[in-house]
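There are 2 protein chains.
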Amino acid sequence: MTPTTTSQKDERKFEDARKAILERAALLICEQGYEGTSMQQIAVSCGLTKAGLYHYVESKEELLADIMGWGMDIFEEQVLTPVQGIEDPLLRLEECMRRNVLLCTRGWSREITVILHEHQTLRNAAGRTINARKKKYVAFLEQSFREAIARKLVRPEVDPTIAAFSFLGTVLWIYKWFRKDGRLTDEQVADGMVDTFFNGIRPLERSAR
Amino acid sequence: MTPTTTSQKDERKFEDARKAILERAALLICEQGYEGTSMQQIAVSCGLTKAGLYHYVESKEELLADIMGWGMDIFEEQVLTPVQGIEDPLLRLEECMRRNVLLCTRGWSREITVILHEHQTLRNAAGRTINARKKKYVAFLEQSFREAIARKLVRPEVDPTIAAFSFLGTVLWIYKWFRKDGRLTDEQVADGMVDTFFNGIRPLERSAR
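Those protein sequences? They're chains B and A, same order as listed.
Just so you know, we're using the numbering used here here: the first sequence kicks off at 2 and counts up by one.
Just so you know, we're using the numbering used here here: the second sequence kicks off at 2 and counts up by one.
Keep in mind the hints are simulated off the structure, nothing from the lab.
Glycine included, C-beta positions come from ideal geometry on N, C-alpha and C.
Accuracy of the hints is not assured; some may be wrong.
As the list claims (entries may be wrong) - Pair by pair, the computed Cβ-Cβ distance ranges are: (1) Arg13/A to Lys51/B: 34 to 42 Å; (2) Arg152/A to Arg184/B: 19 to 27 Å; (3) Lys51/B to Lys135/A: 53 to 61 Å; (4) Thr82/A to Glu16/B: 50 to 58 Å; (5) Asp17/A to Glu88/B: 16 to 24 Å; (6) Asn132/A to Glu36/B: 33 to 41 Å.
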C-alpha cells in the first residue's frame, strides 16, 4: 500500500469540502433558481466567507458546470461504464435501464439530477462538454437499439431514436414523482419499467419471458 | 349571430394582448430563469412601459401562474377533455398518448411546456391549483390503466402508477429532444410511442395488432 502523504490528505480534504459545497449550492439553486442565488448565499449556507468560497470555486458559472460535471461522473460510473461491455444489446439495455432507474431513486442528491436535466444556463465550453457527454449516452442507446434490431432481438418497426428517447423519458421522469416513502419500492419501479418497456419492443413471439 | 358589442371587442383585444405578454414572458423566463427576469425586461420585450405591463398583470407571480394556467387550459382542451368520453380504456389511453405527443410537438409555445413542467417556483394558492390540475391527469391515467387491467386489456402484472408515469415520462420528455426539422415527423413519433408502449402492457396473446 502506498503511504498517504500529507499532500494527498490535503487534496482529499479539499475535494471533500468542494463536494459539500457543490451539494449545498445545488440545493439553493434548485430552490431559488440559478439567477436568484448569489455566491454570498452559497458561502453563508456552507459556513464560509465569500473569500473562503472562492478558494474552492472560481465563479458561479464554474460552480454550476461542476455540479453538472459531477452528476455526469456519477452517472457514467454507475450506469454507462458498467454496461458497455455487455455483449447482448438487449441485456445491455435492460441492465442500463435498471441501473439508471436506481440512480434516479437512490442515495444521491436529487438536486444534482434536476440541475443536470433542467438547467440550460451554460452556453460556454463547459456547457458544450456536458451536452457532449449527454449526447454520448443517447448515441450509446441508439446504437444498442440498432444492434438489437439487426440481431432480431427487437422488432424491425421500432425506430432506434424513438426507442432511445422513450427509454430516457421513462427513466428520467422518475425524479419528478418517485418518493422513497411511497407505495412502490425503487426495485418495483425498475422491474416494472424494464418489463413493460422491453416487452413493447421485443418481437411478438419472444414477448413471453 | 349575436352582434359584437364594443365591450366584447375590448375584452377580446385585452385577452389577445395578455396572451402575447404571456408568450414573451415565457420566452424570457426560459432563457434567463424566473428570478433572473425582471418585470422591466418583460415590459421592454413587449414594447410596453412597466406601468403599461401592470395594466395586464398584477405581479410577476401572477404572470408565472397565468403562463402555467394557460398551458394547462390548452392541455385539457386538446388532450384530456376529448378523450375522457372514450369508453374503451385502452383506446382512451392510446388516443390520449397520441394527442399529448402532438401537443408537445405542434404549434404552441415550447417555452410554456418547459415552464409548466420545470418551474416549481409557485408555492402559493395558484401553485396548488396548477398541481391539482396536474394530479388530476395522473389520476385519470392511473384510473384508465386500472380499468384496462380489470377488463384484461392490460396484463395483470402491470402497475397502474408505474404505467401512468412511464406514459408521462415518454411523452413529456419529447419537448427536450424533438425538433421540427429533424429526421422524424411528429406523426412518426406519436405512432412509434403508441406502438411500443401499448405492446408492452397488452396481454401477450393480444400483442399482435
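Item to complete: Output the numbers, in ascending order, of every earlier hint that fails for this structure.
Response: Checked against the structure, the hints that fail are numbers 1, 3, 5, 6, while the rest are satisfied.
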